[in-house]
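Novice: Listed below, chain by chain, are the residues.
Number of protein chains: 2
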Amino acid sequence: MASMQSDSIKVLYRGWVEAMGANPEMTLDEMRTLFDHWGDVTGEPGGVDYIEVDAGGVPAMWAIPKDCNEDRVVICTHGGGYVVGSMYSHRKVFGHLAKAIGCRALILNYRCAPEYPHPAPVEDAVLSYRWLLDDGMKPEHICTAGDSAGGGLCTTVLLAIRDAGLPMPAAAMPMSPWYDMELSGGSLITNAAKDELVQEGILASMAEMFLGSASPQDPLANPLYNDLAGLPPVYIQVGGDETLLDDAVRFLDMAKEAGVEAKLEVFPEMQHVFHFLAGAAPEGDDAIAKFAEWVRPKLGL
Amino acid sequence: MASMQSDSIKVLYRGWVEAMGANPEMTLDEMRTLFDHWGDVTGEPGGVDYIEVDAGGVPAMWAIPKDCNEDRVVICTHGGGYVVGSMYSHRKVFGHLAKAIGCRALILNYRCAPEYPHPAPVEDAVLSYRWLLDDGMKPEHICTAGDSAGGGLCTTVLLAIRDAGLPMPAAAMPMSPWYDMELSGGSLITNAAKDELVQEGILASMAEMFLGSASPQDPLANPLYNDLAGLPPVYIQVGGDETLLDDAVRFLDMAKEAGVEAKLEVFPEMQHVFHFLAGAAPEGDDAIAKFAEWVRPKLGL
Chain R
169 MASMQSDSIK
179 VLYRGWVEAM
189 GANPEMTLDE
199 MRTLFDHWGD
209 VTGEPGGVDY
219 IEVDAGGVPA
229 MWAIPKDCNE
239 DRVVICTHGG
249 GYVVGSMYSH
259 RKVFGHLAKA
269 IGCRALILNY
279 RCAPEYPHPA
289 PVEDAVLSYR
299 WLLDDGMKPE
309 HICTAGDSAG
319 GGLCTTVLLA
329 IRDAGLPMPA
339 AAMPMSPWYD
349 MELSGGSLIT
359 NAAKDELVQE
369 GILASMAEMF
379 LGSASPQDPL
389 ANPLYNDLAG
399 LPPVYIQVGG
409 DETLLDDAVR
419 FLDMAKEAGV
429 EAKLEVFPEM
439 QHVFHFLAGA
449 APEGDDAIAK
459 FAEWVRPKLG
469 L
Chain X
169 MASMQSDSIK
179 VLYRGWVEAM
189 GANPEMTLDE
199 MRTLFDHWGD
209 VTGEPGGVDY
219 IEVDAGGVPA
229 MWAIPKDCNE
239 DRVVICTHGG
249 GYVVGSMYSH
259 RKVFGHLAKA
269 IGCRALILNY
279 RCAPEYPHPA
289 PVEDAVLSYR
299 WLLDDGMKPE
309 HICTAGDSAG
319 GGLCTTVLLA
329 IRDAGLPMPA
339 AAMPMSPWYD
349 MELSGGSLIT
359 NAAKDELVQE
369 GILASMAEMF
379 LGSASPQDPL
389 ANPLYNDLAG
399 LPPVYIQVGG
409 DETLLDDAVR
419 FLDMAKEAGV
429 EAKLEVFPEM
439 QHVFHFLAGA
449 APEGDDAIAK
459 FAEWVRPKLG
469 L
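Quick mapping for you: the protein sequence lines, in order, are chains R and X.
Note that the working numbering has the first sequence beginning at 169, numbered continuously upward.
Note that the working numbering has the second sequence beginning at 169, numbered continuously upward.
The shape of chain R in the complex, shown without the other chains (with noise of 0.2 Å):
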């Protein structure tokens, strides 16, 4: 049974909705600083420091635990529909997680939509990669992450790594990613009366918006239509209750397909990216530690 300190991100959700709900005609601004609050519901990591960084061109923030493995690095993407969130919202989570693993995260503050729409985004996290091997990073010492657009984004970024015959980071994982552009997952509605956030209405405005001219079909926007084939192990986490919970499993049986080392979990009765709730609820806490358990060996810690 779901914890009752869990509780918080549904309270979160719900205020959200209502909040869009009673204002139809929300700006884009108004709609940012409400989606700003999404770490509100996260517990404070502690002992990791926070220096924002220019990463080859895209602002970032580097999240550094005290005394971790400064030669390991997770490439956060945040979520937000590629619209809102931002390094500033997701601070927090991905704390939590770099803690966990024992390693430095890179928050990317990448371009959003509308105003870049695809492929910016993805550009972005590609130029920030190269940046961490200009640096002398290597490749098999660092990992990507991200949760709802930023999941798609962590797994189209290696996509995109492995045309430009760039070598392939040690990992994935996507925390409730959102893949599909078209909305054809069966769970948008055998899911919809349990997920308080992520619904059909919410998704097309913001596909629209991060799609620009691009089709849905395109295969660095929507990695379902593309060849999973070369890339590293994926481990995807998601909750049981999520509308998005069909991205997660038809991505799975394609990366299975295409012979990489994939794996999902699922999360019952959890909500759309409950990663939130880590240093909050048990939930939360849970699921960072089966990322660091899974991917501290791939990065050879």
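The hints are simulated quantities; they were obtained by calculation from the structure and are not laboratory data.
Don't take every hint at face value.
If we take Cβ atoms under 7 Å as the criterion, some of the chain R residues that face chain X in the derived model are [to be verified]:
#1 208
#2 212
#3 217
#4 218
#5 219
#6 256
Note that CB positions come from ideal geometry on N, CA and C, so glycine has one too.
With chain R held as given, fit chain X onto it using these hints.
Specialist: Positioned in the frame of chain R, the structure of chain X alone reads:
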């Protein structure tokens, strides 16, 4: 008239009062978790790095705005009745202050009551000041700031510094300071209906924990019983709707009588530590900007 955005701090406080009312047996841990969310109403300053440090035995966090003058420091003491709050809950509000001044902030995680009653907080603050001096910082390039109980502490630390024969910092900026451990201010009654958070009950409970075996007239716990001569310039900001308004008014009179350059500004219709609205409502930004404008020349900036 108060801005619409400034309502968020009223909503926060009402939520706390409701939660405490619904759970009269609330544990200390639960109360601390509640107050950990103080900073949720604050906008992210941005362009500020946060680095945890051992400040002479006192856990602390540097807030370092990009391109600031690192030779100038504001020592920041958080509020929360000497019982709750932390360097994390106040990260953003003190980040705003440091950014506006163009200096570093040293945000203290001083020992709190009831585990560590008076004089632990003021002793920790003095330790951190000695640590800065030992590190080569000039006293005339250091100022103090703090809110609520931390507003008391950013004042009493100066009295302790004076008593220890140490050179005096350049200035102090108490925000909605709590000085009076006897709870004898008239505004406790006259503003009771307007103040959404600070009522006699919570103050009495916190004073008891903070004082431990000390007297409510202890001159380092309650500066209204101290001689204020020798203090550097003090600029107090307080909300017009605060029950603690009279703490500031009485301190101002005493300071002026003792020959201190003292200034008080009352912000109409504002709640306790409305400075938390920085980055989110004009009143918060205005208050921070006024502090910065006042203190910059005193720090030689």
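Novice: Each of the hints needs a verdict: does it hold here or not?
Specialist: Each hint, compared with the structure:
Hint status for residue 208 of chain R relative to chain X: holds, with the closest Cβ pair at about 4 Å, below 7 Å. Annotation: residue 212 of chain R was flagged as interfacial toward chain X, and the flag holds, the nearest CB pair being 4 Å apart, inside 7 Å. At a threshold of 7 Å, the smallest CB-CB gap from residue 217 of chain R to chain X is about 4 Å, leaving the interface hint in force. Below 7 Å, beta-carbon pairs count as interface contacts, and residue 218 of chain R has one with chain X at about 5 Å; its hint therefore holds.
Interface hint at residue 219 of chain R: satisfied, since its Cβ lies 4 Å from the closest Cβ of chain X, which is below the 7 Å cut-off. For residue 256 of chain R, the suggested interface contact is upheld, since its CB lies about 4 Å from the closest CB of chain X, less than 7 Å.
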